[in-house]
Amino acid sequence: MKKPIFLLFSVFFCVTAFTQIINGKVTDAETGLPLEGASVFAQNTTKGVITDKEGNYRLALGKGGFEIIFSFTGYTNRTANLDVTEDREFNIKLEKGDNSLSEVIVKNSNEVENGWEVHGQFFLDHFIGATPFSDSCTLENPQVLKFLYYKRNDRLKVLATEPLIIQNKSLGYSLRYQLDSFVHFFKSEVNSYRGYCLYSEMEGTEDEKNIWKKNRQQIYYGSRLHFLRSYYDSTLKAEGFTVDILSSVKANKFDRLSNPYDTTYYFFDDSTYNAELWFPSKVSITYNKKAPEKEYLEYYKLPLNVRVQLSYVDLIDSIVINPNGFFFDQKSWVNQGYWSWKNIADQLPNDYEPE
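Just so it is clear: in the sequence shown, position 79 is 84 by the working numbering, and no numbers are missing.
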């Protein structure tokens, strides 16, 4: 659905200039007592705060949509999907978990003895990544990881008793990642992971900040975040993206979507300023303004003269895209190809903006 130019301008101006404040109190669901030190943050952004002694919090957010996470040690997390429209108040009650994760793991016969020594590097290569930037990433608390192996389906599962603390010295971010689970199937070589991440800016010299700025822009262009923002802004072609969909007639053949904004795939909601995206079958997404890294081509044994970045995406269900590139439900998106090689070491917070 095409939007009039004046509407595009007014929406862009209002959303960009807008700051939303969410505030409220986090309490124990059973006793009603305030929880001091609870974490309140927007998933995959640099926006997060800690509650005060009265359980109060105040969080300022920019444009777009956010998934707000409320967490406290020993309690079950609560989440809320929020669109930026106006100031909001959320008073959240957290319930204590029936059992701590560590207790559950101790009783699990599938836990691998000396799991870090056996599977630690494998986990780092598939969770943090095996890209050039991954060499500058450090997991500071590997002792919180628990490794479980299921022989029946040749599956490795990794859990964490506390949030993972990761330092990314290439991009200048400290990450606090609440890992829900990491799963790898050895037979198919497919892995997936879920969790909630809060980014924090590192302190550094001016030279270091300039390097971080350059590296962040290098990572951004051609990324999934760049693609989703381009889709939302109707600038796919100008930004260097093309979309091809798997043919329903000929196996393993992809046909170019001449109009990726056809309502079969894309719908813009004028009332919410959100976009809905749905692909009925697998799509290939090409970014033609930058070649993939040599390390990627060598890792997948591809010709070294490849000049475009090619990713494949399956949508299990339709997704809703917010103006800042955040989308939900995150579980509906499955990567293969180039984007699947880009893990934690090469990911940016959703509130990142290139100059």
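These are calculated hints, taken from the structure and not from any lab test. Possibly wrong hints are sitting among the right ones.
Label-pair restraints from in silico Cβ distances [as the list claims (entries may be wrong)]:
(1) T210 to E358: 38 to 46 angstroms
(2) T268 to K336: 21 to 29 angstroms
(3) P39 to N257: 28 to 36 angstroms
(4) T269 to P39: 25 to 33 angstroms
(5) V117 to T78: 20 to 28 angstroms
(6) V117 to K242: 44 to 52 angstroms
(7) G209 to G102: 24 to 32 angstroms
If you're wondering where the values come from, they're calculated on a predicted model, not measured in any experiment. The beta carbon of each residue, even a glycine, is placed where N, CA and C say it ideally should be.
Hint by hint, here is what the structure shows:
1. A beta carbon spacing of about 22 angstroms between T210 and E358 contradicts the range 38 to 46 angstroms that was offered as a hint.
2. Checking the proposed 21 to 29 angstroms range against T268 and K336 shows it holds: the Cβ atoms sit about 24 angstroms from each other.
3. Distance hint check for P39 and N257: the Cβ-Cβ separation is about 58 angstroms, which falls outside the suggested range of 28 to 36 angstroms.
4. Separation of T269 from P39 is about 50 angstroms and departs from the stated range, judged on CB atoms against 25 to 33 angstroms.
5. Look at V117 against T78: about 25 angstroms separates their beta carbons, and that is inside 20 to 28 angstroms.
6. In this structure the supplied range 44 to 52 angstroms holds for V117 paired with K242, their Cβ-Cβ distance being about 48 angstroms.
7. Between G209 and G102 the beta carbons are some 38 angstroms apart, a value that contradicts the proposed interval 24 to 32 angstroms.
Hint compliance for this structure: hints 1, 3, 4 and 7 are broken, all remaining hints hold.
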